[in-house]
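Enquirer: In case you want the letters, here they are:
2 protein chains.
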Amino acid sequence: MAKIALAIHGGCGVMPEDSMTQEEWEGARRDLAAALSAGYARLKAGDSAVDAVEAAVVVMEDSPHFNAGHGAALNENGLHELDASIMDGATLEAGAISASRAIRNPVKAARALMEDGRAVYMTGPAADRFAEVKGLQVEPQSYFTTPKRVGALEAMRRHAAAGTDGTENEKHGTVGAVALDAAGHLAAATSTGGYTNKPEGRVGDSPIIGAGTYARDGVCAVSGTGQGEFFIRHVLGHEVASRIAYLKQDIATAADGLINHDLAPHRIGAGLVAIDAQGVAVAPYNTPGMFRGWVTPEGHAFVATHDQIYEIEL
Amino acid sequence: MAKIALAIHGGCGVMPEDSMTQEEWEGARRDLAAALSAGYARLKAGDSAVDAVEAAVVVMEDSPHFNAGHGAALNENGLHELDASIMDGATLEAGAISASRAIRNPVKAARALMEDGRAVYMTGPAADRFAEVKGLQVEPQSYFTTPKRVGALEAMRRHAAAGTDGTENEKHGTVGAVALDAAGHLAAATSTGGYTNKPEGRVGDSPIIGAGTYARDGVCAVSGTGQGEFFIRHVLGHEVASRIAYLKQDIATAADGLINHDLAPHRIGAGLVAIDAQGVAVAPYNTPGMFRGWVTPEGHAFVATHDQIYEIEL
Numbered sequence: 049m050a051k052i053a054l055a056i057h058g059g060c061g062v063m064p065e066d067s068m069t070q071e072e073w074e075g076a077r078r079d080l081a082a083a084l085s086a087g088y089a090r091l092k093a094g095d096s097a098v099d100a101v102e103a104a105v106v107v108m109e110d111s112p113h114f115n116a117g118h119g120a121a122l123n124e125n126g127l128h129e130l131d132a133s134i135m136d137g138a139t140l141e142a143g144a145i146s147a148s149r150a151i152r153n154p155v156k157a158a159r160a161l162m163e164d165g166r167a168v169y170m171t172g173p174a175a176d177r178f179a180e181v182k183g184l185q186v187e188p189q190s191y192f193t194t195p196k197r198v199g200a201l202e203a204m205r206r207h208a209a210a211g212t213d214g215t216e217n218e219k220h221g222t223v224g225a226v227a228l229d230a231a232g233h234l235a236a237a238t239s240t241g242g243y244t245n246k247p248e249g250r251v252g253d254s255p256i257i258g259a260g261t262y263a264r265d266g267v268c269a270v271s272g273t274g275q276g277e278f279f280i281r282h283v284l285g286h287e288v289a290s291r292i293a294y295l296k297q298d299i300a301t302a303a304d305g306l307i308n309h310d311l312a313p314h315r316i317g318a319g320l321v322a323i324d325a326q327g328v329a330v331a332p333y334n335t336p337g338m339f340r341g342w343v344t345p346e347g348h349a350f351v352a353t354h355d356q357i358y359e360i361e362l
Numbered sequence: 049m050a051k052i053a054l055a056i057h058g059g060c061g062v063m064p065e066d067s068m069t070q071e072e073w074e075g076a077r078r079d080l081a082a083a084l085s086a087g088y089a090r091l092k093a094g095d096s097a098v099d100a101v102e103a104a105v106v107v108m109e110d111s112p113h114f115n116a117g118h119g120a121a122l123n124e125n126g127l128h129e130l131d132a133s134i135m136d137g138a139t140l141e142a143g144a145i146s147a148s149r150a151i152r153n154p155v156k157a158a159r160a161l162m163e164d165g166r167a168v169y170m171t172g173p174a175a176d177r178f179a180e181v182k183g184l185q186v187e188p189q190s191y192f193t194t195p196k197r198v199g200a201l202e203a204m205r206r207h208a209a210a211g212t213d214g215t216e217n218e219k220h221g222t223v224g225a226v227a228l229d230a231a232g233h234l235a236a237a238t239s240t241g242g243y244t245n246k247p248e249g250r251v252g253d254s255p256i257i258g259a260g261t262y263a264r265d266g267v268c269a270v271s272g273t274g275q276g277e278f279f280i281r282h283v284l285g286h287e288v289a290s291r292i293a294y295l296k297q298d299i300a301t302a303a304d305g306l307i308n309h310d311l312a313p314h315r316i317g318a319g320l321v322a323i324d325a326q327g328v329a330v331a332p333y334n335t336p337g338m339f340r341g342w343v344t345p346e347g348h349a350f351v352a353t354h355d356q357i358y359e360i361e362l
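Just so you know, the protein sequences line up as chains R and G, in that order.
The opening position of the first sequence corresponds to residue 49 in this note's numbering, with each subsequent residue numbered one higher.
The opening position of the second sequence corresponds to residue 49 in this note's numbering, with each subsequent residue numbered one higher.
Please keep in mind that the hints were generated in silico from the structure rather than gathered at the bench.
Certain hints may be false.
Copies of the same chain look alike in the list, so a pair counts if it works inside one copy or between any two.
[Said to hold, decoys possible] With a straight-line cut-off of 20 Å between C-alpha atoms, the simulated EDC-like cross-links for lysine to aspartate or glutamate are: (1) K182 / E163; (2) K182 / E124; (3) K182 / E248; (4) K51 / D265; (5) K51 / E346; (6) K196 / D213.
Chain R extracted, bound-state conformation (with noise of 0.2 Å):
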């Protein structure tokens, strides 16, 4: 049987163990292992890698445990806005939306947005029309919002007030899927709510093709999460991909240099997922943790969220 393969981030910048609850940790390890099901599902039946990475992150999108769709950080004037892009690494297919303010799920207008060819990229309340035109689901801003997130604006505002520097968590967050199908082609595909207070209109890298999402088959597929303006500025997922196709490095390495050791003079939170032509999975990150889980070519499920790893059942 071909190799199929998947791995899926929720974002990095995770805080300390015991500032979440044990319910709340268990419930985003739950809510990881529903993602990398519906993905890896989609691989499963036979379904293309672009399928099965939309799947991963319309369920990462739907839990209020990351920073996507339902549950997105708020910008600086309490407002949600959302990036997401897909890319099919067998055609360079993409398509990109930013600074939604009503798309339920960012991943599928960027799908229809990629199938309808007008445009790779819309931005703002054309993009909401766009998706609505589509038939996707739109939503007024309060169902974007949670408790949680609400409690890190304030946060973050009190931090801004004060001088001091939030945690790592306030600042990032970002889910994104990348996978390999069984005729052996590649994808990824991001979705974000950006940071906490962040300026409006500020878009990061999650819609950028080339920084936090790239895919071309015979190569490798990425998504990252972290502070995306240094994501943009070094072309993350294109570097990676030209790393590999150019150097010959493998992808532990040239994911792993980018990371560790090109970001880290930024002093930046930083992490990725990428998966090669073979179904190689990576998942580097510098801060204390990410959220994360991948499946195999052998079929063995994982997921973490910092140094441990647990295997699952799918």
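Please build the complex by placing chain G on the supplied structure of chain R, with the hints as guidance.
Expert: Then chain G, alone, in the frame of chain R:
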């Protein structure tokens, strides 16, 4: 004396020579020369490559002959939505804005964002407000409109109604500049109105760092023009850089490979200007023509729209 060099473009997709009057062609070449002159003056004065590309792009934004700033294309709703970005190859710092409806010189807002540092990329009304707060000039939509672009929108609407194809010139156009300064630093900047009759909210490659704009010291600086969707998918600027840095291609091979090989199957209009760390500039395009100009490290200056190249005095 240290080498300095500059290259600019005013968009590919130039129409057949008989589609504009002799006065219009001369006016376009005159404004290309003015843009070169403005950028080169900064380099001769010992200013940075960032200063030079900004100065050159501002002249083309202010000119009615090019699709950026005054003279920008109109979207499907008869509105101007402007995108721009700038990148400093010395630091990999960058600034980008999209869907601006009011900034007189979008490249100045991209520069201001790069220097502000709070974000790399802002979109929509928030980008306009950012520019205004920074003291940059904002304008009503009418400032950007020229009779030529009104005519182009009417023509594209007729084409759309009749199911026929517009000319390359009606479809796209963008301005950009790349420079090498006396300190050996590279920079790139790009600014555009997109293409005539584009969907509202559509963003092309011009504000995408790694696609329409990219600069990295020791490697190259790139600014693209053409159907931006494909530049995003191929991560054009960073791909040129990766082939130079990792495959050890020269800049002509790398740039020509993207425009005339990688993009060829898509049958789109495409061009770019690029400059390497030694000041060697290239300007490949696959359309009937491309507004372009350059100053060599030896101080010789040239402008061109089609095959014929005019040496000029700066």
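Enquirer: Work down the list of hints and note, for each, if the structure agrees.
Expert: Each hint tested on the structure:
no.: 1; hint: K182 / E163; verdict: within (11 Å within a copy, 39 Å between copies)
no.: 2; hint: K182 / E124; verdict: between (30 Å within a copy, 18 Å between copies)
no.: 3; hint: K182 / E248; verdict: between (26 Å within a copy, 16 Å between copies)
no.: 4; hint: K51 / D265; verdict: within (14 Å within a copy, 40 Å between copies)
no.: 5; hint: K51 / E346; verdict: within (8 Å within a copy, 56 Å between copies)
no.: 6; hint: K196 / D213; verdict: within (18 Å within a copy, 52 Å between copies)
No hint from the list above goes unmet by this structure.
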